[in-house]
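Going down the list, the protein sequences come from chains X and V.
Okay, so the first sequence: first residue is 1 according to this note's numbering, each after it adds one.
Okay, so the second sequence: first residue is 1 according to this note's numbering, each after it adds one.
For the record, the hints were derived by calculation from the structure and aren't laboratory data.
Every value quoted in this text rests on a predicted model; they were computed, and no experiment measured them.
Check the hints yourself; a few may be wrong.
[As the list claims (entries may be wrong)] Calculated pairs, DSBU-like style, for lysine-lysine (alpha carbon to alpha carbon, straight line, at most 30 angstroms):
id, chain 1, residue 1, chain 2, residue 2
1, V, 205, V, 136
2, V, 122, V, 205
3, V, 27, V, 126
4, V, 396, V, 27
5, V, 421, V, 396
6, X, 187, V, 97
7, V, 126, V, 136
8, V, 205, V, 371
9, X, 191, V, 81
10, V, 126, X, 187
11, V, 136, V, 122
12, V, 371, X, 221
13, X, 221, V, 97
[To be verified] Here are the computed distance ranges between Cβ atoms for each label pair:
id, chain 1, residue 1, chain 2, residue 2, range
14, V, 264, X, 111, 28 to 38 angstroms
15, X, 197, V, 15, 22 to 32 angstroms
16, V, 135, X, 211, 52 to 62 angstroms
For glycine and all other residues, C-beta sits at the position ideal for the given N, C-alpha and C.
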Amino acid sequence: MFESAICQIIFYVFAALAALCAIGIVAFRNPVASAMNMALSFGFTAAILFGMGAQFMGIVQLIVYAGAILVLFLFVVMMLDVKAEERFCKLPLFIGLVVASVFAGIVTYVSLNLPGAGSFSCPMATLCENIDALAVTDTPAATACVQAPAGYGGSLPALDSTAANLAANPGMTPECAAKATGYPDVKLLGKTLFTQYNIAFVILSFALFAGTVGAVALARKIRKD
Amino acid sequence: MMDAILNWCDNLLENDIWFYLITTVIKLVLMFAVILAFVVLSVWIERRVAGWIQDRPGPNRAGIPLTLFKRYGSKEKQPLKNVLHYFGIPETCWIAKLCTWLKLDRDIPTFGLMQPCLDGGKLFLKQENTPSYVRKIYFIIAPMLVLGPPMVAAAVVPFASSASTCWGDINMVVANIGIGPLWIFAISGLSVYGITMAGWSSNSKFPFLGGLRATAQLISYEVAMGLSIIPLLMMFGTLNMQDIVSNQAANGWTLLPLWGEGLSLQRWVMMVPMALSFIIFVTCVFAEANRTPFDMAECETDLVGGYHTEYSSMKFASFFMGEYAAMVIGSALVVTLFLGGWSIGFGADEALHAWCDWVAVICQFLMFIIKLLAFIFFFVWVRWTLPRFRWDQVMKLGWLVFLELAVANIFLTAAVLYFIK
């Protein structure tokens, strides 16, 4: 009860802040202010992930986006000393309105169909509660439940923390696994990524590698001597 | 009355959530106090060791002058003489001579430890001068962004093992999360924003160049730093800092596998990749903390003062403190990952735990402090031994040497783990 309340508070506070900062990115005319807003927005998104117990995803969000990519953005913006935008886009207003409303429609549709949307609770808290409630009485039912509600992605990893800890650490005793705090999300994620989605993962790595090689080839100056 | 209060406390602590909150706040305050004390202490260590290495005394005088006490009430002109007289010790005796040699007749000796405090006071009282051409908001936020992150990053460093009380176990780490080293990388990586913004918002040439240099350097070395500890994580199989240290306490430190499972052939062969990752990691920590030989961002021979040229008074002091805080956190991370963290070693941890939990915790805390001090000394030693690199050398070392070595090291570790059982 207490945990799910905290979960909800964290979700709503940080979601609101992240949305505000996201608006700030486009609203500010000064490119550095936009970049700083983007950093804040990434930070709040990471906080939401932390609140859901997905610590690894949250920290990766911070390291990769806030720590590396955005710093590079800032670097370029500052180095070129980009002045505040003065020219406004000449596109007619209604095109912008159409694009914006299409995106708003998609977001609204998705968020209304998330589990727990009817009771105004954050999706992750509801999912955890459902599974924990089922896990006590009926393990197969809980496993079936984590196949996720219809129309909502694929199957999710089991969220029964004792079983998950046991599965991730074969040497662990059941008592120890029950005591272990939280879900071993790093191990679960690694296992899922390197078994179930291994081919997609390797293909993606090759795509990124090709991109890097291409960037180096384009940026390199060919010497004539 | 007393019973009622004790009962109330007992009831409060029996509640899991309150117990967790109260112990966490205590640990948090302790951690902050230690970090801030170490920032001051490392400034003093820096100057004393610098003096020692360069064959000069360094700040060894600044003490608490006894004239202060004379001014505030004490009419005695020579307190030492009176004290000696009180105990009936003659003034020619060796005790008196020793006291005179220690300058006890003039001030309370602190061996120069008052110097950093006085420096802090001086910087606090100086006039603040903000140039008219700076970008105000970013100019003010920047020092905060440099000082803040290292303090937050310290939350995952374990400073002792766990102790059990009648209300539950206390784990001697502020935040026992499953992503320890990543948390430190992520949070201390944010301090690059502070430096970049300081350089950009100062709106003048040299700070700007310093900010650009700092950004490029920090990003380059973060990559090698992250890759260099992967072999270590492969060996321990966990990202939780407390688990990593407990493992080292039971089975030998990463760089000193002399007891437990550390005596196996695998661990001894693992010393090769571990030593390699230790060298890469320590060098990257130097670069991340912006210390000589990597202090390109504030290199005074070509950049005046670098990114903090336009800053004065306490804003400058924040940068200064941020640098030392980063150094302390870097040392703590190296000690935790490679040198056993709080572990006393040679099986002493288990023996002490079997005897008394709290004695073990206190001994481990002291051990951690000693290791931290030793590593800070090493930091300072390197600073006053090696000259500053050239900018292109720094970049070459990061991208062409360390990155490749770190990646090769991962494969080497995998081979050792696979082939040698």
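Right, here's what the structure says about each hint:
The hinted pair formed by residue 205(V) and residue 136(V) meets the criterion: a straight-line CA distance of about 17 angstroms does not exceed 30 angstroms. This hinted pair checks out: residue 122(V) and residue 205(V) have alpha carbons roughly 28 angstroms apart, not beyond 30 angstroms. Only pairs whose Cα atoms come within 30 angstroms are accepted, and residue 27(V) paired with residue 126(V) is rejected, the gap being roughly 34 angstroms. With a C-alpha separation of about 42 angstroms, the suggested pair residue 396(V) and residue 27(V) falls outside the 30 angstroms cut-off, and the hint is violated.
For the hint pairing residue 421(V) with residue 396(V), the CA-to-CA distance comes to about 37 angstroms; that exceeds 30 angstroms, so the pair is violated. A C-alpha spacing of about 66 angstroms is found between residue 187(X) and residue 97(V), which places the hinted pair above 30 angstroms, so the restraint is violated. Proximity of residue 126(V) to residue 136(V) is assessed by CA-CA distance (about 20 angstroms); at most 30 angstroms being required, the pair is judged to hold. The straight-line distance between the Cα atoms of residue 205(V) and residue 371(V) is roughly 41 angstroms, outside the 30 angstroms bound, and the hint therefore fails.
With a C-alpha separation of about 75 angstroms, the suggested pairing of residue 191(X) with residue 81(V) is violated against the 30 angstroms cut-off. As the CA atoms of residue 126(V) and residue 187(X) are separated by approximately 53 angstroms, the hinted pair breaks the 30 angstroms bound. Taking the CA atoms of residue 136(V) and residue 122(V), the gap is about 24 angstroms. The hint holds against a cut of 30 angstroms. For the hint linking residue 371(V) to residue 221(X), the alpha-carbon distance of about 48 angstroms lies beyond 30 angstroms, and the restraint is violated.
Annotation: proposed proximity of residue 221(X) to residue 97(V) is violated, straight-line Cα distance about 74 angstroms (limit 30 angstroms). Here the CB-CB span from residue 264(V) to residue 111(X) is close to 54 angstroms, at odds with the stated 28 to 38 angstroms. At roughly 43 angstroms, the beta carbons of residue 197(X) and residue 15(V) sit outside the given window of 22 to 32 angstroms. Taking 52 to 62 angstroms as the suggested C-beta distance range, the pair residue 135(V) and residue 211(X) does not conform, at roughly 35 angstroms.
Figure legend: structure checked against the earlier numbered hints; hints not met, in rising order: 3, 4, 5, 6, 8, 9, 10, 12, 13, 14, 15, 16.
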